[in-house]
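Starting from the known structure of chain Y, fit chains W, B and C onto it as the hints suggest.
As you go down the protein sequences, you meet chains Y, W, B and C in turn.
Heads up: the first sequence begins at 178 in our numbering, then just goes up one per residue.
Heads up: the second sequence begins at 178 in our numbering, then just goes up one per residue.
Heads up: the third sequence begins at 178 in our numbering, then just goes up one per residue.
Heads up: the fourth sequence begins at 178 in our numbering, then just goes up one per residue.
Misleading hints may appear alongside valid ones.
Which copy? The list can't say, so a pair holds if one copy fits it or any two copies do.
As the list claims (entries may be wrong) - Okay, derived cross-link-like pairs now, DMTMM-like style, lysine to aspartate or glutamate, Cα gap no bigger than 20 Å in a straight line:
| no. | residue 1 | residue 2 |
| --- | --- | --- |
| 1 | K253 | D180 |
| 2 | K335 | E241 |
| 3 | K386 | E345 |
| 4 | K250 | E370 |
| 5 | K661 | D339 |
| 6 | K335 | E485 |
| 7 | K253 | E213 |
| 8 | K636 | E494 |
| 9 | K335 | D240 |
| 10 | K636 | E485 |
| 11 | K335 | D515 |
| 12 | K636 | E594 |
| 13 | K308 | E370 |
| 14 | K253 | E626 |
| 15 | K250 | E213 |
| 16 | K521 | E199 |
| 17 | K645 | E597 |
| 18 | K253 | D526 |
| 19 | K599 | E379 |
| 20 | K661 | E205 |
| 21 | K636 | E199 |
| 22 | K347 | E594 |
| 23 | K599 | E516 |
| 24 | K661 | D360 |
| 25 | K253 | E241 |
Because the hints were derived from the structure by calculation, they are not lab data.
Protein chains: 4
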Amino acid sequence: MSDFQSLLSPLTFLEPIVPSRELEPLTEYEAWWRREGMAISSAVDRLGTAWLRMFDELGHRVDEILFPPEYWKMLKQGYQAGAIWRPFEDGSLRAHYLIDYVTCFFDAGLACPYIVSLSTAVPLKKYGPTKQQEQFLPQMLRRDEKVWQGATWMTEVKGGSDLGANVETKARRVADHWTLNGDKYFASNVSAELAIVAARPEGAQQGPKGLALFLVPRYRKHGELNYFIRRLKNKIGTRSVPTGEVELRDSEAYLIGRQEWGLYLILESLNLSRVGNIAGSVALAQRALADALTFAQQRVAFGRPIFEHPLMRRQFEQRFTQLQQARALMWEAIQLLDEVWQEKPRYSDRYHLFRLVTHLAKYWTAELAVQLAKWGMEVHGGVGVLAEYSPERWLREAMILPIWEGTPHRQMLDGLEVMERKRGHKLLFDHLAPNSNSAELQEMSSRIEFLLQLPLDEKEAGIEEVFKDLAEFVARTLATRYNKIAFR
Amino acid sequence: MSDFQSLLSPLTFLEPIVPSRELEPLTEYEAWWRREGMAISSAVDRLGTAWLRMFDELGHRVDEILFPPEYWKMLKQGYQAGAIWRPFEDGSLRAHYLIDYVTCFFDAGLACPYIVSLSTAVPLKKYGPTKQQEQFLPQMLRRDEKVWQGATWMTEVKGGSDLGANVETKARRVADHWTLNGDKYFASNVSAELAIVAARPEGAQQGPKGLALFLVPRYRKHGELNYFIRRLKNKIGTRSVPTGEVELRDSEAYLIGRQEWGLYLILESLNLSRVGNIAGSVALAQRALADALTFAQQRVAFGRPIFEHPLMRRQFEQRFTQLQQARALMWEAIQLLDEVWQEKPRYSDRYHLFRLVTHLAKYWTAELAVQLAKWGMEVHGGVGVLAEYSPERWLREAMILPIWEGTPHRQMLDGLEVMERKRGHKLLFDHLAPNSNSAELQEMSSRIEFLLQLPLDEKEAGIEEVFKDLAEFVARTLATRYNKIAFR
Amino acid sequence: MSDFQSLLSPLTFLEPIVPSRELEPLTEYEAWWRREGMAISSAVDRLGTAWLRMFDELGHRVDEILFPPEYWKMLKQGYQAGAIWRPFEDGSLRAHYLIDYVTCFFDAGLACPYIVSLSTAVPLKKYGPTKQQEQFLPQMLRRDEKVWQGATWMTEVKGGSDLGANVETKARRVADHWTLNGDKYFASNVSAELAIVAARPEGAQQGPKGLALFLVPRYRKHGELNYFIRRLKNKIGTRSVPTGEVELRDSEAYLIGRQEWGLYLILESLNLSRVGNIAGSVALAQRALADALTFAQQRVAFGRPIFEHPLMRRQFEQRFTQLQQARALMWEAIQLLDEVWQEKPRYSDRYHLFRLVTHLAKYWTAELAVQLAKWGMEVHGGVGVLAEYSPERWLREAMILPIWEGTPHRQMLDGLEVMERKRGHKLLFDHLAPNSNSAELQEMSSRIEFLLQLPLDEKEAGIEEVFKDLAEFVARTLATRYNKIAFR
Amino acid sequence: MSDFQSLLSPLTFLEPIVPSRELEPLTEYEAWWRREGMAISSAVDRLGTAWLRMFDELGHRVDEILFPPEYWKMLKQGYQAGAIWRPFEDGSLRAHYLIDYVTCFFDAGLACPYIVSLSTAVPLKKYGPTKQQEQFLPQMLRRDEKVWQGATWMTEVKGGSDLGANVETKARRVADHWTLNGDKYFASNVSAELAIVAARPEGAQQGPKGLALFLVPRYRKHGELNYFIRRLKNKIGTRSVPTGEVELRDSEAYLIGRQEWGLYLILESLNLSRVGNIAGSVALAQRALADALTFAQQRVAFGRPIFEHPLMRRQFEQRFTQLQQARALMWEAIQLLDEVWQEKPRYSDRYHLFRLVTHLAKYWTAELAVQLAKWGMEVHGGVGVLAEYSPERWLREAMILPIWEGTPHRQMLDGLEVMERKRGHKLLFDHLAPNSNSAELQEMSSRIEFLLQLPLDEKEAGIEEVFKDLAEFVARTLATRYNKIAFR
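So here's chain Y without its partners, still in its complex pose:
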């Protein structure tokens, strides 16, 4: 019988797959959320989009984000728990994603700052100039409330997927630094002290290969604002991360890594946040299911709690199983990332395996999060559509998950590319073989090989059905493997 009650706690739900020595340090963090964080998070969501104060009374540009003060307290909890400093202390990213997981169970938007901060700190450490490392990294690794936040600003107004065509921000070399000019359209965590920013150096080629990656601090050397927030965006959810439009106006910037490696670095950064999206999706899916469970166990119809109605019960069981599979997929992605995150081009096969698993997992878990959030509303009936209760919120929060870090469409096409160019599916099947049903594995393999030899347009058009089944197969296979471990 399923232990549904494990749904009520993120750490409890992770227990079967994550070593308890990794979970224990987060006990207090989860407890804080119950004690204080949940009420704050709920208030921040209820408030709607935060205000941007552009100028102070005297007309000085300040670009201050007016959250309730306890927002900042809530935000800093995760940093203090180790969202950034632990990876650098441990040499492993696992603690980061576990913190994301716990965070997203309680506030699906709040992990975004942690994720983009990681996606800033890692390239700074891997590729950043020594001077900037010395200057900025210690700020990002602080364990107190003065910790610096990071941000990753790539997308411009013409769209996010085709960065090569759409990044119009220009970089110009001046003395010991660069200056950037351009506008970023979806700038998450817009009040960060340090951002990594995609731009095209003067004279660089068109297309994705002409992009380079830069560090941009919030303040200029002499203390003035180094970029401007044009406005905050009213989003359907994730109000706990301020997303804005950013104006770069002769903004001081520092090149990270080799100029011609820009695209690789962007993709590496995206890998980090994509795995964060996976963790957040599973956590939100768990939360939606947990809240539905709590309600269904108490709401009585036809003489008994609706949870005890056979159809409802069956639906809970099916979704609980899906959630466990998603959990396995998530943990696999995290572990693989943890093996490859320090690689630089040219990458190993393990890296390509990681990429494929991540495309599958991102696609699959975000979809699950939305579907469980939607189903959670249905379980609540009419109450589910009211702004005053949580299910409505989880649906609003969930909607960003399939879109952030690449839409499903993007995951499929990028996944296809890894299969075509790196034989990623081969790597994947080898990886799964010891634990999978070999007939099923064989059939999946044949379908993919068949697909890959189709003409380009048919290949792309046909990817969805295969990709979806592959994701489900991988999730199920991994869940079986983890179950074996868990019950050993």
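For chains W, B and C alone, coordinates are given in the frame of chain Y:
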């Protein structure tokens, strides 16, 4: 090749299945929406929940709903187009649901007032006391802006599905009328001039069979308010229909039909609105797909409109096909209802066939509406989650559709009951036989018969998979039939 | 030369007139406001009216007020600083009003809870039944965050000034308590645990003399809600105190004092809150002036800070003087109240002197608060009307001050009554004589005597001019006296 | 006896001083407001600040202001009634200000668009280049809903009074036009099709004399946006005029008049809008008093309508008299402007007389508007502070009036300058002599002469008391004169 452009107009999209003489009268109605209505609808949604002014400055209770004045203009358009008066003139409900369809393409909440007005006018005409018919019906059939609205208030705070247990409103007979006391928790179209209300007469039995149905006008005989609006509810969507909580306090009421028929009358009323939900779902699904199409044809990535990317194109084709199937299912439900709506208990087999088709169609089309709204957001990418554009709105609007008029859970169990007690599936298969693949039909039939002989709990637990496939099968079969007609 | 910088701190500004041993205990309270409270207060105001959650997800009535959680933290600071427990420990109300003063410098609405809590605790102690004293008083005197709040609910929908005619709430005696039925229209601090409520016992006479005063706890003996919050009111300001409409429905209640003393008790309670209004008015006036000063010292026009422009400077000086006079008037009202608050009917001359001074001071200081808030906006120029800066807020906050606790109209007529029936002006002139210009005093006296012998209608019509001059004269005279003390 | 009922209609109230042939054409305009406009205006205010849509879904900058569509209908009414075309047809501005008056009785913000449109059209006609006159003027004089709006953008972030120091927008000559670069901070009517903009040509001197005035159309020659709206400002009131921040970025512009006349042209434009402010102030004051009257006549306390209480009645009479005096002052300013508006530098004595009267009237009437709005709230008691009723709105609307077009401080100092440099007081006294009490006039004259011979700092510091009394004296004197005319 699919004619995607037909998506851009509700009337054009209906052309293949609805006789043009029924569509033509609505040409000006659709044109009005483009000319004026869309902008009004968008403003009303942007405004959020309307205000309720409970008292005037001098302390008189007024319960006035403060919409922008053009809201009322928009609302009255559909009544003037014939949402209520046409069914009574035509002796057919088809015009009503076509108006709902056009309305919901532009504003998914606004058809609700029309639907509940119909659900008030029909029982008033079928079962209402002569005096009240004479008094109220002409008001509801007006063709000018003074037309009266109806409303159907059943649900109380403990929940909507188990009305038998949860309706605590009491009715007491006094002289020539009744008085009602109780609170209604989800009262749609709360500013209606006339509502039908479920209540339990003093001395009536417990459970659903003790319920009776009453007419409750907004004003008492001597002009005072006859019920009070406790508050308007903040819903995720459908802000163009004010939903409130209603306090009945010695409210003057008139019994409709025989007291012991209450439950039947409630279910008849629900049939009417359930079909409205189906029409609204297909219309909203069409709109979401239309907006996604418009965007995809203009948004360029990797050198061409994203609509021309093979995977995106394939996805559009699949969804367009699903939408056409949903359209067929909808039209079948409307036609069947139009055959049986004048029946009184005991009902014919045709009525039971209608019920099963409607449960399938409500379940299937509401799900499609949500999924297309969600997918429409994904097509828009980041832009999709922003409050300032339409896709975010369609998702918010869609979320009510699976919940209003019975959740999916409810449709399945009620559908199961029709199959068990009335052999509804048998009626359905006979109905479809001339146009369906007989092997497939045979298989569906076997699966249902197998299910029906299971023990109660297993039967209920197992209904979902069968019901879903049945809905898809029926939709597909009907679409094929309509295609034949259309292309004849 | 004026020491304008004293404007920047409430405690510093009070130093010249309040013994430092009384101010010192509040140093940490003021410091807390600067450290944390200001930002919280600003966020609460920005949020607009709080949400009322009437029902939980399962349909249980809860009437929960959804403030951001830090609101409650902010609210509790003043209680912990001693808003209620100190008066009961000290045997003096002065600490209470000093806390109000500091509070209102930072948040003009937040002292209201303290004031109405005091106005609840005092009659409970003076007149309450022993059993209820033992039960409730210790809760109100707690020094931790579980302290109970009080509230004073008199006004009904037909208006506040003519309570005798407008209180329709009925009280009925049952066993050991009473039950109340009626609606209160302006119920401040609506989430209080204990309220005093005006109602008319069954059988009591019409008019003000038939009113009695009752204690009404938030929860019934058996734990259910004892009253219901119909809604929160959207006010122009003072969003940090939730004002609502309250429904008393067979609410358990306890008579305070003798039934026939109701009106006296109501007026005694009003005395307490009227003095709170005076303290709040002077504090808000100080704050508006302080913010204007800060701005004017920094904003440069025509080559120098606008504060240095001669006309602006002159205006600051005049307002600073007015503020010092208002401070004297306030402190006099507090001291007089502190002498008489334990009196019961029949009252002494000192009590009547207190009443007249309080009517004058309430009238005068509220007007000053509005005028300085308005002028503060003008000093800020265009910036002053923007919602994102403080001057706009002080104006919104100030507007309640002349209205709460009796409009100017009311103060004048009640003041007139004290003069006519108790020769209050005679008591006042005797009180001021040692420190006033005797010619001026003589002239004021003559004007009043002249007024008093006019026919009723002319007397009332003519009161304003005299009353205004009298208030100004008293304020100026007292300021002179305090200046002598201060500079001794 | 005062005819209080004339307060209820703007045109009726103007009858005693404005020839009926000038009022009659506005009868339908006032009737429209009652029929439709009031409800629209109320909805627009309730909505709060409008939304700015910066980009369309495809990322094109559009800067669209999202008002409810009926806003635009309301806005266009005044243009159609003749706010702009009538002055050009009549050769007189009187019709314009009468339209402002009627408008502001119903919506205090909505006249702003008319006023700034006039302030654009007049300099365009007086000083504009022929080509731009031919191109733009016919658009501004249209009588249909396609009429163009104007706007006057001077103020930048450092403040509005010291334009000479604070205008940092630069103008550069290119071929047949200029380009402007800079940011405007308070840009009223921000969606106008044509604005006049203060900027400093390259090479021009510092200070006010280096400013020039330019025409800036909303769209560039080739159809792109010619300026950008950075954001809309959240103001306490006047939500029916969108105020924003404007970014001029190589904006195409056309010089108006001689470059070195810029300051004169700015001041001429300000004259036009200052008189509009006067009309709006008196109209709002009338409205506040009218609403208070309506309430007071219906609200009963102590057995009779509060309007019949002697003190209340007296207060109404005093305020009604003040309002009549303000009306006289307003009409005088309008008539004087109508005599001098076509003058160009160097100006006549009549022009200087006009300036002084206007400074006095702006100061006096705006103050009255605020004080009556505030008092109107007090008359309403607690109801007055609630957002759902009108008094709260009039107070919010009124607060802009003393600030727009120059604060009181500014009026006094500018008035002082007219007296010092142009002997404006002498002109004024000559103007008033035939109708004034000569002793009083003599005393005013002496006080002013005394003031004028003081040292600069003392003169400025002392202006307020004199200016206030002068304004009151002028208003009273003019009212007497008009009364004579009226009752002849």
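Evaluated hints:
1. K253 - D180: neither (33 Å within a copy, 41 Å between copies)
2. K335 - E241: between (27 Å within a copy, 18 Å between copies)
3. K386 - E345: Classified as within; 13 Å inside a copy, 41 Å across copies.
4. K250 - E370: For K250 and E370, the Cα distance is within 20 Å only inside one copy (17 Å; across copies 29 Å).
5. K661 - D339: neither (42 Å within a copy, 43 Å between copies)
6. K335 - E485: between (50 Å within a copy, 17 Å between copies)
7. K253 - E213: Close inside one copy (13 Å) and across copies (16 Å); limit 20 Å.
8. K636 - E494: between (36 Å within a copy, 16 Å between copies)
9. K335 - D240: between (24 Å within a copy, 16 Å between copies)
10. K636 - E485: Answer is between: at 14 Å across copies they meet the 20 Å cutoff, but 46 Å inside does not.
11. K335 - D515: So K335 and D515 fail the 20 Å test inside a copy (33 Å) and across (49 Å) alike.
12. K636 - E594: Answer is within: at 11 Å inside a copy they meet the 20 Å cutoff, but 45 Å across does not.
13. K308 - E370: within (17 Å within a copy, 51 Å between copies)
14. K253 - E626: neither (48 Å within a copy, 59 Å between copies)
15. K250 - E213: both (10 Å within a copy, 12 Å between copies)
16. K521 - E199: neither (27 Å within a copy, 66 Å between copies)
17. K645 - E597: within (17 Å within a copy, 36 Å between copies)
18. K253 - D526: neither (37 Å within a copy, 60 Å between copies)
19. K599 - E379: Answer is neither; intra-copy 32 Å and inter-copy 60 Å both fail.
20. K661 - E205: Intra 29 Å, inter 60 Å, cutoff 20 Å: neither.
21. K636 - E199: neither (42 Å within a copy, 44 Å between copies)
22. K347 - E594: Neither way: K347 and E594 sit 29 Å apart in one copy and 52 Å across, limit 20 Å.
23. K599 - E516: within (18 Å within a copy, 61 Å between copies)
24. K661 - D360: neither (51 Å within a copy, 54 Å between copies)
25. K253 - E241: within (17 Å within a copy, 28 Å between copies)
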